[in-house]
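Student: Sequence:
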Amino acid sequence: MKWLLLILTSVFAITVKADINLKGDLTQFDYPFLLGDWYLFNPNPQQSQEDFLTIKLSLASDYKFSIRVEKKDYSVDYWQGHYSVGVGTLILGVNADIPQSYQYRSSHNRLMLNGITFIKGLPNAIAGSWTSRDIQGEDILASNVSQMDLVLQPDFVFLFMAQSQDGTFVTHEGIYFMEDDHLILMYEEGEQDSRYTLSKDTLTLTSEHFDMYAELARVE
Numbered sequence: 001m002k003w004l005l006l007i008l009t010s011v012f013a014i015t016v017k018a019d020i021n022l023k024g025d026l027t028q029f030d031y032p033f034l035l036g037d038w039y040l041f042n043p044n045p046q047q048s049q050e051d052f053l054t055i056k057l058s059l060a061s062d063y064k065f066s067i068r069v070e071k072k073d074y075s076v077d078y079w080q081g082h083y084s085v086g087v088g089t090l091i092l093g094v095n096a097d098i099p100q101s102y103q104y105r106s107s108h109n110r111l112m113l114n115g116i117t118f119i120k121g122l123p124n125a126i127a128g129s130w131t132s133r134d135i136q137g138e139d140i141l142a143s144n145v146s147q148m149d150l151v152l153q154p155d156f157v158f159l160f161m162a163q164s165q166d167g168t169f170v171t172h173e174g175i176y177f178m179e180d181d182h183l184i185l186m187y188e189e190g191e192q193d194s195r196y197t198l199s200k201d202t203l204t205l206t207s208e209h210f211d212m213y214a215e216l217a218r219v220e
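Using full-length UniProt numbering, the letters of the sequence shown map in sequence onto residues 1 to 220.
Calculated from the structure, these hints are not laboratory results. One or more of the hints may lead you astray.
[To be verified] Below 27 Å or equal to it, Euclidean Cα-Cα: the simulated BS3-like pairs (lysine-lysine) are: (1) K71 to K56; (2) K200 to K56; (3) K56 to K72.
[As the list claims (entries may be wrong)] Here are the simulated distance ranges between beta carbons: (4) I119 to N95: 48 to 58 Å; (5) V76 to G137: 24 to 34 Å; (6) E208 to Y74: 40 to 50 Å; (7) D180 to Q46: 36 to 46 Å.
By construction, the Cβ of each residue, glycine as well, lies at the ideal position given by its N, Cα and C atoms.
Could you put the whole structure together from the sequences, leaning on the hints where they help?
Tutor: In structure tokens, the structure reads:
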């Protein structure tokens with residue numbers, strides 16, 4: 001992993017020349033599978049010559065990135081900057097003196113940079129099974145939804161089930177990703193961007209695009 005040494009000596013000397021907030025509709029972001037927190041763990045820190053325990057790479061929809069490196073002595077180095085992305089190419093530090101270009105491949109929970117695999121991690125304890133205990137909003141009630149169940153797996157796969165008052169079930173399966181307080185469900189028929197809050201064993205979902213409020217309880 002010689003490229004790690006290159007990162008530690010060059011790309012992290014980044015001076016950000018602009019602080020532009022480009023975040024918008026996350027359902028329109030061209031590379032949704034890149035967003036989130038990506039981790040690389042040193043499998044044998046006692047034997048490895050690489051001076052790190054964990055590397056965390058965070059990629060945001062406003063094309064900002066940050067990298068946090070926890071070293072063997074438990075000290076932490078942190079850098080941030082801007083990135084650009086194209087088909088198969090990720091450039092970190094586009095405003096740096098020496099931007100670093102990587103060939104990448106990604107799935108919903110794996111990111112490979114120059115052959116090194118990072119694993120996507122959840123930012124909080126949202127994974128689990130959830131069932132609705134309160135549903136409000138003119139739009140959601142107009143669809144006669146009486147019950148909602150949502151399963152969020154740690155590997156970023158979800159299962160959503162809605163039951164109407166006449167007993168009809170609608171089911172969606174797909175991939176989800178998160179940014180700030182946004183929870184985006186991606187499935188074959190479309191996408192759904194919800195704002196969420198998580199408090200102990202209560203997950204609250206609202207929408208900016210239609211009138212909906214759903215309070216869900218964690219299923220043990």
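Student: Quick one: which hint numbers does this structure break? Sort them smallest to largest.
Tutor: Checked against the structure, the hints that fail are numbers 4 and 5, while the rest are satisfied.
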